[in-house]
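Protein chains: 4
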Amino acid sequence: MRCFDSDYMEGAHPAIIERLAATNMEQTGGYGRDAYCDSAKEKIKKACGKPDAEVYFLVGGTQTNSTVIAAALRPYEGVVAADTGHINVHEAGAIEASGHKILPLPNYNGKISPEDLEKFMDSFYKDDTWEHMAAPGMVYISHPTEYGTLYTKDELKAIRGICDKYDIPLFMDGARLGYGLMANNTDVDLKTIAEYCHVFYIGGTKVGALFGEAVVVTKPGLLPHFFTAIKQKGGLLAKGRFLGLQFDTLFTDDLYFKIAKNAIDMAEKLKVVLKEKGYEFFLETDTNQQFVVLENVKMKELAEKVSFGFWENIDADHTVVRFATSWATTEEAIDELASLI
Amino acid sequence: MRCFDSDYMEGAHPAIIERLAATNMEQTGGYGRDAYCDSAKEKIKKACGKPDAEVYFLVGGTQTNSTVIAAALRPYEGVVAADTGHINVHEAGAIEASGHKILPLPNYNGKISPEDLEKFMDSFYKDDTWEHMAAPGMVYISHPTEYGTLYTKDELKAIRGICDKYDIPLFMDGARLGYGLMANNTDVDLKTIAEYCHVFYIGGTKVGALFGEAVVVTKPGLLPHFFTAIKQKGGLLAKGRFLGLQFDTLFTDDLYFKIAKNAIDMAEKLKVVLKEKGYEFFLETDTNQQFVVLENVKMKELAEKVSFGFWENIDADHTVVRFATSWATTEEAIDELASLI
Amino acid sequence: MRCFDSDYMEGAHPAIIERLAATNMEQTGGYGRDAYCDSAKEKIKKACGKPDAEVYFLVGGTQTNSTVIAAALRPYEGVVAADTGHINVHEAGAIEASGHKILPLPNYNGKISPEDLEKFMDSFYKDDTWEHMAAPGMVYISHPTEYGTLYTKDELKAIRGICDKYDIPLFMDGARLGYGLMANNTDVDLKTIAEYCHVFYIGGTKVGALFGEAVVVTKPGLLPHFFTAIKQKGGLLAKGRFLGLQFDTLFTDDLYFKIAKNAIDMAEKLKVVLKEKGYEFFLETDTNQQFVVLENVKMKELAEKVSFGFWENIDADHTVVRFATSWATTEEAIDELASLI
Amino acid sequence: MRCFDSDYMEGAHPAIIERLAATNMEQTGGYGRDAYCDSAKEKIKKACGKPDAEVYFLVGGTQTNSTVIAAALRPYEGVVAADTGHINVHEAGAIEASGHKILPLPNYNGKISPEDLEKFMDSFYKDDTWEHMAAPGMVYISHPTEYGTLYTKDELKAIRGICDKYDIPLFMDGARLGYGLMANNTDVDLKTIAEYCHVFYIGGTKVGALFGEAVVVTKPGLLPHFFTAIKQKGGLLAKGRFLGLQFDTLFTDDLYFKIAKNAIDMAEKLKVVLKEKGYEFFLETDTNQQFVVLENVKMKELAEKVSFGFWENIDADHTVVRFATSWATTEEAIDELASLI
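Chains as they are written, first to last, in my numbering: chain A, 20 to 360; chain B, 20 to 360; chain C, 20 to 360; chain D, 20 to 360.
Chain A with its partners taken away, still in its complex shape (with noise of 0.2 Å):
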């Protein structure tokens, strides 16, 4: 069966698996001390047009996101995200787990507004009680965010001036970050992002990697013994030449762009053929998440025929449904999809 679910179907790039194959047996030393991850980050810095930016790699996404804002706030300190971002969701309570709380703002589509954040935190320290309160200490926001869609560069920038008016870094969480990245409507690139950006990741698991995400601190100094954190919160790849060998690859002939751009190709692709098939789209994005609400009747006799994500129920009678592309979405997939609904 075709499988529209998510981005995390496939294993990795074919280009990862035969690098891995052809250095297989290499001794290395572990835990990241080797050619390959130093490699990887010369290339990360490079293209993120920071060379004095701190990289490092972890396995996995909420891994990554507890780690990183464990390690950037104090305990009275907590984070401030959309209602909807992933911290707040679908990871099992890890930030909350580290100790720290998270202050949720309202959601535009996953989206928060520079407007929201700013009220929030004028009117926190014009609260007399404020000594009483978990006080925000950081901003996480997800870039594509949960929903796909993107924050614009003036959004950034107008995120990245209350943070800096306040003292705290901005963190962005770029699980998807290519398929961001290289999205039609776009005027947000990898170096804008880093210079708006205190800290953020560059996604692997779910653009053509088997596993892995690079944290970029922009901020040199931001995480104090970082290497440390990541051991503790058992992030810390024993081989982890692995993670510097795929991220080196995909940093590579920029594949890491190129694959990306192949899911948005087949998402455009793909919002032709819904269209045209005359569903209703939920929430019509530029990136590789596509939203289509459907009759339950007719979503389970779709479903016996291509699987896709469930995202909410609207009604009794009503889902939302999620298709979602990947660096590895062929033309033929969208077309056998095409044929068959």
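FYI, nobody ran anything at the bench for these hints, they're computed from the structure. In this text the structure is predicted, and so the values were computed from the model without any measurement. Possibly wrong hints are sitting among the right ones.
Since the list gives no way to pick out one identical chain from another, each pair is judged satisfied if it fits inside one copy or across any two copies.
Restricting the straight-line Cα-Cα distance to at most 25 Å, the calculated cross-link-like pairs of lysine-lysine (DSS-like) are [said to hold, decoys possible]: (1) Lys-210 / Lys-138; (2) Lys-145 / Lys-317; (3) Lys-184 / Lys-319; (4) Lys-319 / Lys-145; (5) Lys-319 / Lys-138; (6) Lys-324 / Lys-145.
Model the placement of chains B, C and D on the given structure of chain A, informed by the hints.
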């Protein structure tokens, strides 16, 4: 200046102070292993109609909430609460610092509705990503709420029923319990609370004690090794007998109820005064807290004569303020207020 | 029965009780925002010779230790302490519950040695796996120690020097500080402590208060947003003025020192009695705790006449017990003890 | 250069790489909900002789230790371990970061003794201050230990008996389990371990996998909602099938045992070489780690020809170093070593 800011502005009921002085130089064992604590526990169990309950004494409310909740939950669990619940707003992230997420429900003047709770619980386990989310492991309610409102017996029964359906405990924050029990329009008495709540506490700090909260565990064994848990959370008073002595005094000859009644009577008198003077109520309650909308200009004038609590800004020109009575409020104080405003 | 189990068996010094009663019905703001706390803080800063210090009041010792340590450390850091340190033994895992490892050093009758500390610190950073270990982020000492022993001025200076070398703070648990300060053979006074410790606390619970510990931060800013940290840890007393009132009383006319001196005088008298009666000392100290070895048979006989504290088993037939004097111990009590044993 | 630093210097067994490549572009569900994981779990349960066991796959050892321990303990509990246990030394305070104290016992070349454990447990509950201490809630052992030593069947039986007496689970860290199982002088096989341990894990990272640890819970229900616990701790691999695929391969045709046997054979050969060359053993073991004492001058010379692991300084002039073989070590490598030293 007459102060109506809160219900913890004076010391303790004189009967407590007298007994404290009279017994001051006695020698007893520490940590609550003494005859005062034993006696107080018996009286509380009797008042609750729960001879098998466990009773523990802690010093303050935030401490009690975080100690009880952390003792009841497993790491993968969060606690359901009104978004306005004290634990979600004014406890400096204490629950999250214990590792647990607060799962917020909408509030209706501080209360959660059984309907919302049931819907939340039902949809939680119907969501096929539920294992990626912090599971609801306890329900927290405050009675009176932070807005001075009260649950009805039917509401408590319904909430308890939902807890039973999902086999999770119901916890009541009774920091102001006395004022709820003695309200004029309530069908909820102490035995009802002990019947419906797996664990709750009888607030001393705000109802006549210098400090102290009495936790009643109506389901023995719910909080294993709770003495150790209290110690770990820093809530174990070395000279624990002074907690016992206070509650023993409060639960002798219904003192707790009598002095709580005073706060209610004074609140009723206060409401009459405020209405006569033409004040607009934001929320008029049956307990000891009353919320009034003031023009900011008028608020500043008033603040020169009498003190009250800031609650929230409504708009650029209006503010909600709180007037609180207590066990210690006198008729003279209300009369003086009437003459000043 | 005469009790020598511990130094927290009576209530508070009568001067505190009198003042508590006299001011009981005053109205003040909560959480330590009151004139009593302000006054007490000024007196303590003056007694410490540290006009720029920050002073905070908490309720109990375990609470104070875990709150200070959690506020000072980053997540990747642990706290160095004697293996017999109170935080490592009798605080129910409170430090670990805050997320921090205790890094134990051998104790010499409760004290750590500067040599061991220096060796530990030096070898820690020489170990090429140090980044895989919790880093020493603070040094914790107790003075007097849990064994009633005292650091000398030279030892404190040496320990502080090592802390400075590694840029980590020195924290002193002064739960029994008064008894250390008034010991006969000590060259360490309050100003010495304030000079060498970045943060320490002056114990009230065991030295004349009903409860309360006064934290002195001699390096301003060491514990950012410490008010919020106290609130989060459940250590913020709503009627905070009673902490201020107690310390204000204790630091008026040197009351704290005078009553601590009584415990020392009574301990000296006790030592004479015990020696005259032929008791074997396990550890004879200059402070208010004395440790005696008893045959188990004799221990049981003695326990029928007088109470004391169990310390540890030596072998199948012998036990170490503790006799503690306090601010409240009278000459009559010692005389009576002499006549009973 | 030939490297004997550790057992995680190469990639994965070629059979894993081949299968990884062959199945790379398949689409499967995420998070371990796939046929590879199902198959691997069945094979592991069969190998353990425990059809009712639960099997979970995590990525790395520290992550597995902290996830299992946090899932098993209540907040007031700590975990008993050898002072040299991996969790107490080289996991960056991960257990404490989960809120739990490690209760150290003395080690005998890395092992705890049943006698010490029994004495500790018995005296714990005889101490009348036990409620002020973190309670022993689990026993952690590693097999092989960090020193390459092994428990005997009788020792495991005795330790399990003590655990049963106090109703606490026994947890075995099997990061190097294969090397223990295939040692020449052991009476402990996989079924014995599954019989005596409530929970243990079969290490993949160090025994032929790219990464991965298989947790076996022989007492179903011991770790409630463990999937969520893994997610919260950041140990849930999105493309979980690659964990299943690796363990499925390792547990097909006894591959895991065969490749572990290679490490043992090479270690035996290594021991002969070292002895022939006159090296002094610090500790000679039956597993894949051998510990040798070197003069520092000689150590530096040797380090130019071959790499090995630093273990500890003995004195100013001597160092203990570790030589580790692995599933990947060849006869040629040992021969080459012999010619170099």
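One pair to classify: Lys-210 and Lys-138, alpha carbons no more than 25 Å apart. Within, between, both, or neither? neither (28 Å within a copy, 45 Å between copies)
Within, between, both or neither: how does the pair Lys-319, Lys-145 come out at a Cα-Cα threshold of 25 Å? between (52 Å within a copy, 16 Å between copies)
Given a CA cutoff of 25 Å, do Lys-319 and Lys-138 count as a within-copy pair, a between-copy pair, both, or neither? Result: close only across copies, 24 Å inter versus 44 Å intra.
If the cutoff is 25 Å on CA atoms, where do Lys-184 and Lys-319 land: within, between, both or neither? Let me know, please. neither (51 Å within a copy, 30 Å between copies)
Is it within, between, both, or neither for Lys-324 and Lys-145, if the alpha carbons may be no more than 25 Å apart? Intra 56 Å, inter 23 Å, cutoff 25 Å: inter-copy only.
Go through the copies and call it for Lys-145 and Lys-317: within, between, both or neither, with a Cα cutoff of 25 Å. between (52 Å within a copy, 20 Å between copies)
Of the hints listed earlier, those the structure fails to meet are numbers 1, 3, in rising order.
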